[in-house]
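Chain order of the listed sequences is A and B.
The first sequence begins at 1 in my numbering and counts up by one.
The second sequence begins at 1 in my numbering and counts up by one.
Hints are computed from structural coordinates only; laboratory data are not their basis.
Note that CB positions come from ideal geometry on N, CA and C, so glycine has one too.
Treat the hints with caution; some may be incorrect.
[Said to hold, decoys possible] Straight-line distance between alpha carbons at most 30 Å, and here's what the computed DSBU-like set of lysine-lysine pairs gives: (1) 117(A) - 45(B); (2) 97(B) - 108(A); (3) 117(A) - 213(B); (4) 213(B) - 108(A); (5) 224(B) - 340(A); (6) 116(A) - 224(B); (7) 30(A) - 230(A); (8) 224(B) - 117(A); (9) 116(A) - 328(B); (10) 123(A) - 213(B); (11) 109(A) - 22(B); (12) 22(B) - 124(A); (13) 116(A) - 213(B); (14) 340(A) - 328(B).
[Said to hold, decoys possible] Stretches of chain A that chain B covers, calculated by requiring three or more beta carbons in the stretch to come under 8 Å of a beta carbon on chain B: (15) 90 to 97; (16) 100 to 107; (17) 112 to 120.
[Claimed, not checked] In silico negatives: residues of chain A with every beta carbon more than 12 Å from chain B: (18) 69; (19) 320; (20) 485.
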Amino acid sequence: MGEVILTMKEIDKFFPGVHALDHVSFEVRKGEVHALMGENGAGKSTLMKVLTGIYKKDSGTIIYEGKEVEFHNTREAQSAGVVIVHQELNMLGHLTVAQNIFIGREFKKGIAIDDKKMNEEAKKLFDRLHIDIDPTETMSNLTVGKQQMCEIAKAISHDAKVIVFDEPSAALTETEIEELFKIIRDLRKQQMGIVYISHRMDEIKVITDRVTVMRDGTYVGTLITEECTKDDIINMMVGRVIYEDPKQKSMVAKDAPVVLKVEHLNAGRMVQDVSFELHKGEILGFSGLMGAGRTETARAIFGADPKESGDIYINGEKVTINSPEDAVKCGIGYLSEDRKRYGIVVQKTVAENSTMATLEKYVKGLFIDKKAEREVSQEYVDSLDTKTPSINQLVVNLSGGNQQKVVIAKWLVRNCDILIFDEPTRGIDVGAKNEIYKLMNKLAEDGKSIIMISSEMTEILRMSDRIVVMCEGKKTGEIGIEEASQEAIMNMATREIS
Amino acid sequence: MSKNSVPNTQNKSVISRLGGQKFIVLLVVVGLIIFFSAVSPDFRKYSTAMSILDYSYYIALMAIGVTFPLITGGVDLSIGTGLICYSLTGGFLIVQKGWPVWAGMLMALLLSIVIGLLNGVLVSIMNLPPFLATLCTCMITRGLGSIFSNRLGISWPTSGTPGSWFRNIFKITVNGTKIPLGFLWVLLLVAVMAFVLNHTKIGRYTIAIGSNKEATILSGINVKFYHIMAYVISGLFAGLAAIAYSAVFSTVQPGTGAGFELEAIGGAIIGGVSASGGVGSVGGSLIGVFVICLLKTGLPYIGLQANWQQIITGLVLIGAVLVDIMKKKKEKI
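Generate coordinates for the entire structure from the input sequences, incorporating the hints supplied.
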């Protein structure tokens, strides 16, 4: 490790209602790979976006190569030599590799673009990285791993001194990761400062020199990778004070029947051989880090995405679910994490949304039976305690929590016994959160069975009777609430996959 | 792009497939010529070839231009009624106001650029969906054309009269034989615009916008400017098409022109422009236009009326779009 090339000191960043970064400090040395770790929402990406000028910091200083700097956009950061390789690749599929690398700063020959020179320069870059990619190949023909290497080549072509990798391995195969590591080691040898964001504990041990851990927008600490264990890092990641009491014991009767059984479900890379059971009256928490495949699993069960294989049993009977329509017929309701896109029709009234999934019941002849629709939606507005001036209110005018209640009403009207809540309290304020929790508990008491996908550890521990943990498309553990702890769950969520 | 791995076995295949589609469409053109010639002796006449070419100029020019907004993932519906509007404006100035022909042409081109600019601003700066923005300018140009011409048809100077020299630009008679000079200009413009599309920043960024607009913005490119340029090019070529139309046909009627754009857009898509942007070539668009022109002119020779030509063109278009969708699916796996 060489001298310090980049120091971020006491960085503060506020978003409306959130203190996203609270006096965070971070440094990178020349010739080191510095891991940045933390749970979802710990502030890793925000910190890197502040660094590269995507966000403006509210206070604090950034010192780069001995001088205080503030980049106003990625372009400024790039020309200074600070580049980020995003998780989602910013590539133009229809252009060639070289055209992508030099986009926005093409070599020119008169008015024409000098593609020949661009190809030569791209070739030189690849040679420097010891990778074999044809610069004239069309980008969309490359594998994700190769595309990422093009992004790295693009980063280096800016004369980068600090490169940030944001979860670079998430979409790569084992061999591609090997190649990536080879390149990263090369870059380290060339005295670049490298920031490596990842959830994969085994990679951290293999490739990084130091680890900085963040939690809830604060800096927790920095360790030398060689000197620490996985448990040290996990303890730093989860050592948060839990305000709400976690659930003490399962509320499910010992002899509660299995209502949903999923066996060996496969659906793409994100759902591999997932099996679990859901009991009557149970809240089954699905925990895991971003990209663990929880939403994908839910969508596959619900028939929203195609399944490759696997069986689903409802009340002991094998069922075939090929579309959401089939799932709804089986009594499964899905409350999407993205309410506005998949959950409700915001420009329609509470009443219209309530009967959306059940409309055929409320049709008399050719017309919708408005009276019956009003009655049933009023019933659920009352029983769920939805705060709306009337059932004729447009849903767009309701708060997030009350919108969520309308979605719940929609599935209850439909008589769904199995409800999948995907991030049920995302974008909902604290008070309304408690109401949703109460409501979910009440639903479970009434004999509904609930799958709750949540990225909030406190929510998982507070609501679940049992917890399924996933990591990279595989189920990596299952634990009853009595034995569950943050450490145990995080350990399973970051399980090393070999 | 899907995040799943793309098999890396089909090196260069997209390029070859692009060239492939162009090649296949060219075969279709040759096949159509052979078929019509075989079935109808009248089709084999020189005059038939001349009339096909006469019909093709303005559609081809529109297709060259509209290729650019199509590649950005947009569309320009205003080129058809725009063509008539520019032609009426130029003709009005020449015939009624006594302007020299070159000045009338210049005004027509100028107006076409202004409308193209308007389209570009609506789409790029005001963020209107291209379909709606250009549908509005389509209606506006139709109205404007009628106002300029006082709702009367206008004839640009006819052959033999002073100022009819511009008609020779497209068709010149040497020793009693008509030479389709216009075809040469069309080919020349295709070459120029193919160069612009493939070897200049305007073209490169047109493809980039259609490929992934967000990523293009993040690359620090002035996307608004290049997005507008695509519509300006489309407008300008509608202006050039207006001149071709005025030169080939004797009278221009206000209120017409709606539907021309569909032939141009259809030609471009048959020629391999992707309906969702990012892919396309100027040469392909030209070949696609000839499929449409051949159907239009050829089908009456085998006893099928104009209505059939529309139905068959529609079916051919569905085929072209399906090919595009299938290609995309292949890329995604």
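Results of checking the hints against the structure:
1. 117(A) - 45(B): 50 Å, violated
2. 97(B) - 108(A): 46 Å, violated
3. 117(A) - 213(B): Given pair residue 117(A), residue 213(B) holds - Cα atoms ~25 Å apart, limit 30 Å.
4. 213(B) - 108(A): Holds - the C-alpha atoms of residue 108(A) and residue 213(B) are around 23 Å apart, at most 30 Å.
5. 224(B) - 340(A): 29 Å, holds
6. 116(A) - 224(B): With a Cα-Cα distance of about 28 Å, the restraint between residue 116(A) and residue 224(B) holds, given a limit of 30 Å.
7. 30(A) - 230(A): Distance ~25 Å between residue 30(A) and residue 230(A) Cα, so the pair holds.
8. 224(B) - 117(A): Given pair residue 224(B), residue 117(A) holds - Cα atoms ~27 Å apart, limit 30 Å.
9. 116(A) - 328(B): Roughly 28 Å separates the two Cα atoms, so the pair holds.
10. 123(A) - 213(B): 26 Å, holds
11. 109(A) - 22(B): 29 Å, holds
12. 22(B) - 124(A): 34 Å, violated
13. 116(A) - 213(B): Between residue 116(A) and residue 213(B) the Cα gap is close to 25 Å, so the pair holds against 30 Å.
14. 340(A) - 328(B): It holds: about 28 Å lies between the C-alpha atoms, which stays within 30 Å.
15. 90 to 97: holds (count 6)
16. 100 to 107: With 3 residues closer than 8 Å to chain B, the region 100 to 107 of chain A meets the three-residue bar; holds.
17. 112 to 120: holds (count 3)
18. 69: 18 Å, holds
19. 320: About 25 Å separates residue 320(A) from the closest Cβ of chain B, which puts it past 12 Å; holds.
20. 485: About 33 Å separates residue 485(A) from the closest Cβ of chain B, which puts it past 12 Å; holds.
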